[in-house]
Structure formats: C-alpha cells, structure tokens
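If you're matching them up, the sequences are chains A and B in order.
Okay, so the first sequence: first residue is 1 according to our numbering, each after it adds one.
Okay, so the second sequence: first residue is 1 according to our numbering, each after it adds one.
Calculated from the structure, these hints are not laboratory results.
Certain hints may be false.
[Stated by the list, open to error] Taking lysine to any residue and the SDA-like style, the derived pairs with C-alpha atoms no more than 20 angstroms apart in a straight line are:
| no. | chain 1 | residue 1 | chain 2 | residue 2 |
| --- | --- | --- | --- | --- |
| 1 | A | K117 | B | R5 |
| 2 | A | K117 | B | I6 |
| 3 | B | K390 | A | D74 |
| 4 | A | K117 | B | A8 |
| 5 | A | K113 | B | K218 |
| 6 | B | K200 | B | S180 |
| 7 | B | K231 | B | R20 |
| 8 | A | K113 | B | K110 |
| 9 | B | K158 | B | Q104 |
| 10 | B | K173 | B | K218 |
| 11 | B | K241 | B | A98 |
| 12 | B | K390 | B | L341 |
| 13 | A | K113 | B | S321 |
| 14 | B | K240 | B | Y117 |
| 15 | A | K113 | B | Y157 |
| 16 | A | K117 | B | A10 |
| 17 | B | K240 | B | Y214 |
| 18 | A | K113 | B | A8 |
| 19 | A | K117 | B | A98 |
| 20 | B | K218 | B | D255 |
| 21 | B | K200 | B | K218 |
| 22 | B | K200 | B | T242 |
| 23 | B | K218 | B | A87 |
| 24 | A | K113 | B | S79 |
| 25 | B | K218 | B | E89 |
| 26 | B | K110 | B | S79 |
| 27 | B | K158 | B | R143 |
| 28 | A | K113 | B | L3 |
| 29 | A | K117 | B | F2 |
| 30 | B | K173 | B | M151 |
| 31 | B | K218 | B | E263 |
| 32 | B | K390 | A | R75 |
| 33 | B | K81 | B | Q60 |
| 34 | A | K117 | B | K240 |
[Stated by the list, open to error] Not the full set, but computed from the structure, chain A residues with beta-carbon under 10 angstroms of chain B:
| no. | residue |
| --- | --- |
| 35 | G86 |
| 36 | I95 |
| 37 | A225 |
| 38 | R228 |
No residue lacks a Cβ here, since even glycine has one placed at the ideal position from N, Cα and C.
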Amino acid sequence: MIEGEQLRKEYNMGDTVVHALDGVDLRIAEGEFVSIVGASGSGKSTLMHILGCLDRPTSGELLIQGQPVSSMNDRRLAAIRNRYIGFVFQTFNLINRTSALDNVALPLVYTRKPFSKRDARRALERVGLADRARHTPSELSGGECQRVAIARAIVNHPKLILADEPTGNLDTGTSAQIMEIFHDLHANGLTIVIVTHETEIAVQAQRMIQMCDGRVIDDSHVDEARRREVVALVESTRRRMFRTRSAS
Amino acid sequence: MFLFRIIAMAFGGLWTNLFRSLLATLGVIIGVGAVIAAVSILQGAEREILERFESLGADQLIVLNGSSRRQGRSVTISSLKLSDADAIERDNPKLVAATAPQVQAGSQVKYYQRNVYAPVLGTSPAYAAINSYDVADGRFLTREDVRGNAMVCILGYKVAGDLFGVRSAVGMKVKIAGKSFDVIGVMVERGTLGFIEVDKQVIIPITTAMGRMYGRRKLTSLIVQSTDPTKLVECIESVKKTLRSEHRIRAGKPDDFIIFTQEQIKENFAQVAVIFAVVLYSIAGISMVVGGIGIMNIMMVAVTERTREIGVRMAVGARRSDILIQFLFEAGIISLFGGGLGVLWGLAVSNLLDTVVDILTTYTPPIAIVFALVMAMVVGLLSGVYPAMKAARLDPVEALRFE
Chain A
1 MIEGEQLRKE YNMGDTVVHA LDGVDLRIAE GEFVSIVGAS GSGKSTLMHI
51 LGCLDRPTSG ELLIQGQPVS SMNDRRLAAI RNRYIGFVFQ TFNLINRTSA
101 LDNVALPLVY TRKPFSKRDA RRALERVGLA DRARHTPSEL SGGECQRVAI
151 ARAIVNHPKL ILADEPTGNL DTGTSAQIME IFHDLHANGL TIVIVTHETE
201 IAVQAQRMIQ MCDGRVIDDS HVDEARRREV VALVESTRRR MFRTRSAS
Chain B
1 MFLFRIIAMA FGGLWTNLFR SLLATLGVII GVGAVIAAVS ILQGAEREIL
51 ERFESLGADQ LIVLNGSSRR QGRSVTISSL KLSDADAIER DNPKLVAATA
101 PQVQAGSQVK YYQRNVYAPV LGTSPAYAAI NSYDVADGRF LTREDVRGNA
151 MVCILGYKVA GDLFGVRSAV GMKVKIAGKS FDVIGVMVER GTLGFIEVDK
201 QVIIPITTAM GRMYGRRKLT SLIVQSTDPT KLVECIESVK KTLRSEHRIR
251 AGKPDDFIIF TQEQIKENFA QVAVIFAVVL YSIAGISMVV GGIGIMNIMM
301 VAVTERTREI GVRMAVGARR SDILIQFLFE AGIISLFGGG LGVLWGLAVS
351 NLLDTVVDIL TTYTPPIAIV FALVMAMVVG LLSGVYPAMK AARLDPVEAL
401 RFE
C-alpha cells in the first residue's frame with residue numbers, strides 16, 4: 001500500500017549538507033503493524049514525515065497505493081493526509097481552547113463534506129473517552145489527551161496510522177493502555193506504523209525497522225521469543241510499581 | 001457549510017484572546033468613530049447652511065463692499081452709497097425689479113424695564129417684498145418713513161414677544177440705544193433669513209439708521225431683485241456697469257464692490273466644505289491606517305503563537321488556502337467588530353456634540369454607517385493578508401516542531 005524507493009532527504013545547514021535520509025527502500029503492506037526504531041537523528045522522524053506526506057523527499061519516489069507522490073500537488077497531499085492517514089504525535093498536539101469532541105472533529109471539517117458530530121463521538125467511544133467529550137485538553141490527563149489524539153487520527157476512517165513516539169510523554173502504565181488501543185485498531189484492519197526509541201514498545205509490532213544515519217540497517221519480523229521476553233520485563237516492572245504504590 | 005465551519009473557528013480563535021482582540025481593534029474603533037463623527041458634523045453643517053441659502057431667493061443678487069490688498073492684507077473698501085440703490089433701479093428698469101439697501105448694526109432695545117440686545121437693520125420698504133417677509137401686525141416701512149428719517153421701527157417676532165409678551169406692540173414706544181422709536185409693526189415668525197435670525201431683529205428706516213442712529217455714510221450691503229431669474233448673468237453685468245459709473249471707476253481699474261448670487265455663495269461654500277471634508281477624512285483615514293497596523297501586529301503575534309496549531313491543521317488535511325481563509329476571517333471579524341463599536345461611539349460623540357454645542361447640528365447619513373463598516377472590513381482584510389499568508393506558507397513539519 002505504501003512504497004518508498006531510494007528515498008533521500010537533505011537539509012542545508014549552512015555550508016554542510018545533512019543527509020537525514022540516505023536512500024531508504026521500504027514497503028509496507030496493508031494490515032501490517034510496523035515499528036521504526038533508532039537513536040535520535042537516525043532519520044526515523046524524517047521518514048515518518050515523508051510517509052505521512054507532510055514532507056517531500058529530496059529525491060526518490062514514494063508510492064501511495066501505486067500513485068507517485070511527486071506527481072501530486074499540495075492540495076492532493078492535504079486530501080491524502082485528511083482521508084488516508086491519521087497522525088499521532090508525542091506531544092498530542094491538540095488545540096487547547098476547544099473541547100475533546102471538537103478536536104476529534106477537526107479532520108472532518110477539512111473533508112469539506114457535511115458531517116455530524118456523532119462520528120467524532122463514536123471515535124471517542126472507541127478510545128473509551130465518551131464521557132470526556134466536553135472537556136478541554138487542559139482538563140485531561142496525558143493518557144487521556146493521547147487517546148483524544150488517537151480518536152482524531154481514526155475519525156475519518158484512514159487506512160494508515162502514523163504514530164511518532166506516541167508513548168514518549170507517558171508513564172509505563174498509560175503507555176500500555178495506549179499500545180492496547182493500537183493493537184485493537186490493528187486487529188480491526190488498520191495499518192500501523194509507530195516510530196519509537198523504546199524497545200519494549202517496538203517489539204510489540206509484527207515488524208521492526210531499525211535505522212541509523214538515515215539508512216535502514218535492519219528490517220525483520222519480530223520473533224515471539226524476543227517479544228515475550230520484553231513483555232515479561234514490562235509486566236514485572238508494572239507489578240513492581242504496583243507493589244511500591246500500594247505499600248505507600 | 002465548510003466556510004461556516006472556518007468562520008466558527010475564526011471566532012473561536014478570537015474568543016480565547018478576547019482582551020487582546022479588543023485591544024487589536026481599538027485603533028479601528030477610534031478610526032471608525034472619527035469617521036462617523038466627522039461625517040455627522042460635516043453633513044449637519046452642510047444641511048443647515050444649505051437650508052439657509054435656500055431661504056434666500058434664487059432671483060437675488062447681493063452686493064457687498066469690495067476689498068483690496070494693501071501691504072499684503074485684505075482691507076474692506078466701504079464704497080456702497082445709499083444713492084446706488086436708486087441708481088440701479090433707475091438705470092436697469094428691465095432687469096431689476098427692486099433694490100433694498102441695508103445697514104446692519106446692533107443695539108439695546110428697551111421697553112421700560114424690559115430690555116433685549118437686538119441686531120438692528122436699516123433698510124427700505126422693498127425689503128419686505130424682496131424677501132417675502134411681511135408684518136403680522138401693523139405696517140411695514142413706507143417711502144415717507146425713509147424720506148422723513150422717521151423714528152419708527154418694526155420688531156421681529158421674538159423681540160416683540162420678549163418686550164411685550166402677549167400684548168400688542170404696535171403703537172408703543174421703545175428706546176433703541178437710548179433713542180425713542182414708535183413701534184409701527186411686528187413681523188411674522190420666520191426663524192432665519194439667510195444667516196440672520198430675523199425673529200430677533202429690529203428694522204428701522206435706512207435713512208434713520210445711517211443718520212441719527214449710527215452716523216454711517218456707506219451701506220453694509222445691497223440686495224437687488226431681478227425681474228427674471230434666468231437673466232441673472234445679464235443682470236449682474238448691468239448692475240456692475242451702473243455701479244462702476246456711479247463710483248467713477250476708470251476702465252481697467254478693479255471693482256470696489258462684489259456681486260454674489262445665491263448660487264455662487266452655495267458654490268463657494270461647497271468649496272469650503274470640500275476642504276473641510278478632505279481634512280476630516282484624512283484624519284479619519286490616518287486613524288484607520290493606524291488601526292490596520294494594530295490588527296496586523298496582533299495577527300502576526302497570533303500566527304507565531306499558533307504555529308503548532310497550524311501544523312496540526314495541515315497534518316489532519318487542511319489546505320494552505322484553508323489556513324489563509326481562517327486567518328483572513330479572523331482579521332476581518334476583529335475589524336468588523338471594531339467597526340461596529342466604532343459606529344456606536346461615533347454616533348454617541350455626534351449626539352453629544354449636537355446637544356452640548358449650541359451652534360452644531362449633526363446628521364449621520366445611514367450610508368455613512370455602511371461605508372464605515374465596509375471600510376473597517378477592508379482595512380481588516382488588507383492588514384490580515386500578510387499574516388494570513390505567512391501562516392499558510394508555513395512548512396507543516398517545521399510548524400509541528402515549533403516550540
């Protein structure tokens with residue numbers, strides 16, 4: 001469904017040219033759950049921005065359902081971001097002055113079709129926040145904010161969810177809840193790409209892409225043994241935290 | 001529907017920073033207020049003055065003493081003689097129907113303890129007919145009164161009221177500047193004639209005014225009524241010829257008098273009104289520009305402050321044009337709102353002036369309000385263009401990263 005061929009992205013920083021992406025080949029099929037890991041500066045965020053049509057590669061071609069992005073104008077890209085892709089960010093990026101419901105409805109506005117807020121309410125129900133619809137982001141916890149952001153990402157029934165460090169600002173317990181939502185969405189047929197630097201998050205995907213210096217250095221199926229190992233680690237951490245919390 | 005949503009969003013953006021939005025619009029409020037107040041004062045004055053000119057006849061010429069430049073200063077030359085009035089009638093029988101010489105002064109008018117200060121007009125019997133302004137009671141001046149320097153007077157409507165109340169004034173004696181006059185008539189109520197409040201005026205024979213009362217040798221002005229309003233130009237030429245020969249002005253020398261028609265005075269006034277309008281509108285225009293700069297300033301702040309929001313909107317599918325429209329609307333709404341408040345405050349100011357300042361009458365034409373609002377909106381949109389374009393041109397990735 002989404003294919004990158006020799007994707008390159010260069011930035012001019014004064015005299016030097018920074019290669020944020022240095023020839024990435026990538027194929028993500030429909031229904032996959034992919035994580036992209038790497039140190040900061042490895043190019044994973046740049047890759048995500050390009051996959052999400054927020055940015056264009058300096059060279060190389062990105063195909064979305066077989067169509068080359070280079071042939072599309074800004075308008076068409078806006079429409080793709082609106083209908084085909086849902087974004088989830090590390091810092092949630094909600095609009096603070098409006099309610100959770102209005103935040104979720106935002107993509108519907110830019111679809112330019114008449115809509116009812118019922119769709120937005122349904123999306124909120126899916127992330128378990130129907131009772132918080134009237135609250136503004138400042139009245140919600142971090143985890144709740146991220147769930148609102150996920151509801152916003154899915155409200156327009158996209159095919160692809162792109163999440164950039166979705167658990168980066170959350171504690172372990174809340175992270176697990178958020179990941180559960182992603183698993184649930186995946187089970188319902190959505191394609192999910194998560195950018196993260198936390199291994200225990202990354203191993204929850206079916207496929208893990210490791211990046212370094214703008215290149216893909218490893219792209220492999222996550223094997224069950226490794227996953228279990230990491231999940232067990234997370235579980236034990238959680239249990240330990242639970243114990244200390246109830247002790248105090 | 002889509003546009004409506006965008007407008008709703010623009011309102012939302014303004015509402016969160018209500019105080020700042022109000023501050024941004026202060027310039028427009030003051031600007032529009034100034035426009036409304038300026039237009040109201042100007043229109044009020046113009047209406048009032050034009051109405052007064054209308055009350056003068058269209059078939060009249062007004063002859064005034066001329067002026068000359070001496071050492072750079074304009075000096076009035078008193079040149080109009082009483083005999084000029086007769087000469088004009090005598091020399092131009094076909095063009096001139098009547099003339100009324102005028103001497104204007106002011107004196108204390110007394111009836112026992114009652115006492116008013118009134119403008120005193122010395123004139124001839126023709127005055128009443130020329131101005132279609134006649135007595136309500138008693139009689140007007142006659143040729144005999146004029147020939148005999150009679151000590152008689154006709155009181156304006158209000159003067160009679162002030163001195164005699166409801167009693168008849170005719171046949172009574174009043175003292176004008178200490179000299180005793182017989183009241184022979186009371187004029188009808190008329191309000192103003194030209195710029196003179198004739199109801200407060202006292203009329204005496206021209207000869208009495210020039211001789212015993214004020215000792216003047218020259219007239220203040222001379223009214224000439226033409227026989228045919230369509231032949232005013234010929235009439236002017238003809239009167240000019242008579243006056244030049246009466247005043248013994250050699251060919252090539254300038255006139256020592258000025259002849260006006262009602263039309264000319266109106267035109268002169270219109271020119272003055274244009275100058276006033278230009279000055280007032282420029283001041284109003286400058287304040288609108290300042291108001292526009294205020295809005296632009298606040299919109300720039302808003303765009304910078306909401307960079308991330310703009311990034312989010314683009315990420316969820318907003319086109320660049322959607323962002324542009326939203327910020328343009330915000331600027332337009334602020335400005336229109338400021339325009340509304342400005343109209344209210346302009347109306348308040350002009351109403352206050354109308355009631356507090358005696359000589360000012362204000363009038364606000366409805367079209368001026370529409371014009372002011374449209375202007376406010378245009379100023380808002382213009383000053384919103386640059387910030388809105390700045391917002392629309394943001395790179396989504398950069399915008400999302402903005403702290």
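Hints, one by one, checked against the model:
For the given pair, K117 of chain A sits about 13 angstroms from R5 of chain B by alpha-carbon distance, which is consistent with the 20 angstroms threshold. Straight-line distance between C-alpha atoms of K117 of chain A and I6 of chain B comes to about 16 angstroms, which keeps the hinted pair within the 20 angstroms bound. Of the supplied pair hints, the one linking K390 of chain B and D74 of chain A holds, its CA atoms being roughly 16 angstroms apart against a limit of 20 angstroms. Taking the CA atoms of K117 of chain A and A8 of chain B, the gap is near 15 angstroms; set against the 20 angstroms cutoff, the hint holds.
At most 20 angstroms may separate the alpha-carbon atoms for a hinted pair to count; K113 of chain A and K218 of chain B exceed this at roughly 86 angstroms. With a C-alpha separation of about 19 angstroms, the suggested pairing of K200 of chain B with S180 of chain B holds against the 20 angstroms cut-off. In summary, the hint linking K231 of chain B to R20 of chain B is not supported, as the alpha carbons are separated by about 65 angstroms, beyond the 20 angstroms threshold. Our distance criterion of 20 angstroms between C-alpha atoms is broken by K113 of chain A and K110 of chain B, whose separation comes to about 86 angstroms.
Restraint check for K158 of chain B and Q104 of chain B: the C-alpha separation of about 18 angstroms stays at or below 20 angstroms, so the hint holds. Between the alpha carbons of K173 of chain B and K218 of chain B the distance comes to roughly 28 angstroms, so the proposed pair goes past 20 angstroms and is violated. Taken as a hint, the K241 of chain B and A98 of chain B pair is honoured in the structure, with Cα atoms around 17 angstroms apart against an allowance of 20 angstroms. For the suggested pair K390 of chain B and L341 of chain B, the alpha carbons sit about 29 angstroms apart, so the restraint of at most 20 angstroms is broken.
With a C-alpha separation of about 17 angstroms, the suggested pair K113 of chain A and S321 of chain B falls inside the 20 angstroms cut-off, and the hint holds. Between the alpha carbons of K240 of chain B and Y117 of chain B the distance comes to roughly 36 angstroms, so the proposed pair goes past 20 angstroms and is violated. With a C-alpha separation of about 76 angstroms, the suggested pair K113 of chain A and Y157 of chain B falls outside the 20 angstroms cut-off, and the hint is violated. Among the hinted pairs, K117 of chain A with A10 of chain B is consistent with the structure: their alpha-carbon atoms are about 19 angstroms apart, no more than 20 angstroms.
A distance of roughly 28 angstroms separates the Cα atoms of K240 of chain B and Y214 of chain B; the hinted pair therefore is violated under the 20 angstroms criterion. Simply put, K113 of chain A and A8 of chain B have alpha-carbon atoms about 16 angstroms apart, close enough for the 20 angstroms limit, and the pair holds. Restraint check: the Cα-Cα separation between K117 of chain A and A98 of chain B comes to about 85 angstroms, which exceeds 20 angstroms; the hinted pair is violated. Distance check on the hinted pair: K218 of chain B and D255 of chain B sit about 16 angstroms apart at the alpha-carbon level, within 20 angstroms; holds.
A distance of roughly 24 angstroms separates the Cα atoms of K200 of chain B and K218 of chain B; the hinted pair therefore is violated under the 20 angstroms criterion. A distance of roughly 34 angstroms separates the Cα atoms of K200 of chain B and T242 of chain B; the hinted pair therefore is violated under the 20 angstroms criterion. Only pairs whose Cα atoms come within 20 angstroms are accepted, and K218 of chain B paired with A87 of chain B is accepted, the gap being roughly 15 angstroms. Simply put, K113 of chain A and S79 of chain B have alpha-carbon atoms about 85 angstroms apart, too far for the 20 angstroms limit, and the pair is violated.
Taken as a hint, the K218 of chain B and E89 of chain B pair is honoured in the structure, with Cα atoms around 18 angstroms apart against an allowance of 20 angstroms. In summary, the hint linking K110 of chain B to S79 of chain B is not supported, as the alpha carbons are separated by about 33 angstroms, beyond the 20 angstroms threshold. Taking the CA atoms of K158 of chain B and R143 of chain B, the gap is near 26 angstroms; set against the 20 angstroms cutoff, the hint is violated. Note on K113 of chain A and L3 of chain B: the hinted pairing holds, with a Cα-Cα distance of about 11 angstroms set against a maximum of 20 angstroms.
Restraint check for K117 of chain A and F2 of chain B: the C-alpha separation of about 14 angstroms stays at or below 20 angstroms, so the hint holds. Proximity of K173 of chain B to M151 of chain B is assessed by CA-CA distance (about 10 angstroms); at most 20 angstroms being required, the pair is judged to hold. Proximity of K218 of chain B to E263 of chain B is assessed by CA-CA distance (about 26 angstroms); at most 20 angstroms being required, the pair is judged violated. Note on K390 of chain B and R75 of chain A: the hinted pairing holds, with a Cα-Cα distance of about 18 angstroms set against a maximum of 20 angstroms.
With a C-alpha separation of about 19 angstroms, the suggested pair K81 of chain B and Q60 of chain B falls inside the 20 angstroms cut-off, and the hint holds. Taking the CA atoms of K117 of chain A and K240 of chain B, the gap is about 86 angstroms. The hint is violated against a cut of 20 angstroms. Taken as an interface hint, G86 of chain A checks out: its beta carbon lies about 8 angstroms from the nearest beta carbon of chain B, inside 10 angstroms. For I95 of chain A, the interface hint holds, since its Cβ comes within 10 angstroms of a Cβ in chain B; the closest pair sits about 5 angstroms apart.
Taken as an interface hint, A225 of chain A does not check out: its beta carbon lies about 37 angstroms from the nearest beta carbon of chain B, beyond 10 angstroms. Interface hint status for R228 of chain A: violated, as the beta-carbon distance to the closest one in chain B is roughly 35 angstroms, over 10 angstroms.
Hints 5, 7, 8, 10, 12, 14, 15, 17, 19, 21, 22, 24, 26, 27, 31, 34, 37, 38 from the list above are not met by this structure, while the remaining hints are.
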